[in-house]
Amino acid sequence: MIVTKELIPPRPAPAVLHRPLTTAKVVGLAVLVLWALLAMALISMVIEGWDPAKFERYGPRYLNGLWTTISLVGVSIVLGALLSLPVAFARMSKNRVLNTISYAYVYLFRSTPLLAQLFLIYYGLGSFRPQLESVGLWWFFREAWYCGLFSLTLNTAAYQAEILRGAIQSVPTGQHEGAAALGISKRVAFWKIILPQALIVALRPYGNEIILMIKGSAVVAIVTVYDLMGETRYAFSRTFDYQTYLWAAIFYLSMVEALRHLWNFIERRLTRHLVR
Amino acid sequence: MSGWLSALFDSLDPFCGPVGIFTWLGGTGLISCGDSGWGDEIAFGVKVTISLALATLPVGLLIGFLIALAAQSEEKLLRLAAGIYTTIFRGLPELLTLFIVYYGAQMLIQSVLAFFGYDGRVEINAFVAGLVALAVVFSSYSSEVLLSAFRAIPRGQYEAGDALGLRRGKTMLLIVLPQLIRIALPGMTNLWLILLKDTSYVSVIGLADIVRQTGVAARVSKEAFFFYFLACMLYLVLAMISSFGLGFIERWAKRSEVSR
Chain S
1 MIVTKELIPP RPAPAVLHRP LTTAKVVGLA VLVLWALLAM ALISMVIEGW DPAKFERYGP
61 RYLNGLWTTI SLVGVSIVLG ALLSLPVAFA RMSKNRVLNT ISYAYVYLFR STPLLAQLFL
121 IYYGLGSFRP QLESVGLWWF FREAWYCGLF SLTLNTAAYQ AEILRGAIQS VPTGQHEGAA
181 ALGISKRVAF WKIILPQALI VALRPYGNEI ILMIKGSAVV AIVTVYDLMG ETRYAFSRTF
241 DYQTYLWAAI FYLSMVEALR HLWNFIERRL TRHLVR
Chain H
1 MSGWLSALFD SLDPFCGPVG IFTWLGGTGL ISCGDSGWGD EIAFGVKVTI SLALATLPVG
61 LLIGFLIALA AQSEEKLLRL AAGIYTTIFR GLPELLTLFI VYYGAQMLIQ SVLAFFGYDG
121 RVEINAFVAG LVALAVVFSS YSSEVLLSAF RAIPRGQYEA GDALGLRRGK TMLLIVLPQL
181 IRIALPGMTN LWLILLKDTS YVSVIGLADI VRQTGVAARV SKEAFFFYFL ACMLYLVLAM
241 ISSFGLGFIE RWAKRSEVSR
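Chains as they are written, first to last, in our numbering: chain S, 1 to 276; chain H, 1 to 260.
These are computed hints drawn from the structure, not numbers from a lab. Quick caveat, the model's predicted, so the values are computed rather than measured. Treat the hints loosely; a few may be bogus.
Unchecked claim - In silico DSS-like links for lysine-lysine, alpha-carbon gap of 30 angstroms or less:
1) H:Lys47 / H:Lys222
2) S:Lys25 / H:Lys170
3) H:Lys197 / H:Lys170
4) S:Lys25 / H:Lys76
5) H:Lys170 / H:Lys47
6) H:Lys76 / H:Lys197
What the hints assert, rightly or not - If you want the ones that stay clear, here's a sample from chain S, every Cβ over 10 angstroms from chain H, calculated:
7) Ala15
8) Pro205
9) Glu267
For every residue, glycine included, the Cβ atom is placed at its ideal position computed from N, Cα and C.
Chain S on its own, in the form it takes in the complex (with noise of 0.2 angstroms):
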């Protein structure tokens, strides 16, 4: 039998420990005020070269090369996610030729950089001319700005391809069974049950391929489209001002960030189903 003679008096709270200096805070906090201090730089770089006239003569180049970029960007996504549809079904296909020939369109676009395929396009066939005029194509292939569209598309249709071969692919094949046992066209369970599961799997990857997209399409400024990067070149060589690039730093950055930012959002919107 146990008698409780006495009680413990109540004691203070134990003491709040202070957490020791250690060596990744004094690196954390060196680094950021590295961060802070070239952040500064480029500031006061900038406040300092302020120069209203050059703002009034290139602001609206910039303007204009960003809307050149974004619709560059966006007519060879859709145009490339109509072309990657062939090819990722061809890819799929169990016909040996058709097999064949889309695996190397894919691997050829996939593994050389699109700087060299853009030359290909542009100067290498531009070089046939007479062929071309004879075919009536050659107003297509004398603009630099179509043929910027010309290689994006191309490009993006075999990066494309590899996504929705690859999301299609992934969906199990006991949906496929179930549609079949309902008794559904496969017509109908592709568009009904299979794709839109797949476009889900799908979603990050294109989301992806639009941002490599919107950086991929600075190399059109070396065919002289005045795309974002472009209207840059031509000011700082007009200028020799840094503050041209780091203008352009900043356009990128918002887009790329603005469109990380909706794809999360959207992202989470159209999977809100699937979240336990």
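Given the structure of chain S, go ahead and fit chain H onto it with the hints provided.
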């Protein structure tokens, strides 16, 4: 000894050696090796591309590893600093990063030298600028791959290291890193192929890589389609060789896993 070695390398040169592809196919035409053809110039471009990619890889991997360590640390400040780095360099086009590094470094060095009283024109090496820009981009991507690999390693592994009395550094080196490499290898394979393609951008700042050399050849010989197609094929062959080699490394890294 060195003469003997260089003779060996010359005879094994895949482009202009006795069994080289340009010696074989070139004949005395456009891609022959010598003054009449472009074979030796393009072979030089291939060497520049490969050496740039190979030189970028360790630098980018090291920075990427440090960033990944920072991004998974418990310290908020460190995570923030790493987040800023990856957000910026993953959001900028590679071409823009290259220009920013190339002209920015030039200006920075010039202003530092001007501070010390030297007023000359400074030209920085295009190879170094390309290396820095590509390493920065590569590191911000590889940090994401390494970070997800770090997350795939359970806490128990660290705790086991502690229980064995290993120091933090030893735990990292002996326990975590070998597993990390195995998990991160597929992602790294992709990043290497992307890096190989991204080296083409340095042609814009005047480094004599594949695209630059074939471009010069195309302009002089007026055979643009042939030479740019050759450039694409060279990149394709490089990609094939590296995916073959990396597949070999991947199988080697997985040799201790249970085969299913």
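Hints and how they fare:
A hinted pair counts as satisfied when its Cα atoms are at most 30 angstroms apart, and lysine 47 (chain H) with lysine 222 (chain H) qualifies at roughly 24 angstroms. Restraint check: the Cα-Cα separation between lysine 25 (chain S) and lysine 170 (chain H) comes to about 21 angstroms, which is no more than 30 angstroms; the hinted pair holds. A distance of roughly 36 angstroms separates the Cα atoms of lysine 197 (chain H) and lysine 170 (chain H); the hinted pair therefore is violated under the 30 angstroms criterion. The straight-line distance between the Cα atoms of lysine 25 (chain S) and lysine 76 (chain H) is roughly 8 angstroms, inside the 30 angstroms bound, and the hint therefore holds.
Between lysine 170 (chain H) and lysine 47 (chain H) the alpha-carbon distance is near 38 angstroms, which puts this suggested pair outside the 30 angstroms criterion. With a C-alpha separation of about 35 angstroms, the suggested pair lysine 76 (chain H) and lysine 197 (chain H) falls outside the 30 angstroms cut-off, and the hint is violated. Look at alanine 15 (chain S): its CB is around 22 angstroms from the nearest CB on chain H, clear of 10 angstroms, so calling it non-interface holds up. Residue-level check passed: proline 205 (chain S) sits 13 angstroms from the nearest beta carbon of chain H, beyond 10 angstroms.
Its beta-carbon lying about 17 angstroms from the closest one in chain H, glutamate 267 (chain S) satisfies the requirement of being farther than 10 angstroms from that chain.
Hints 3, 5 and 6, counting from the list given before, are not met by this structure.
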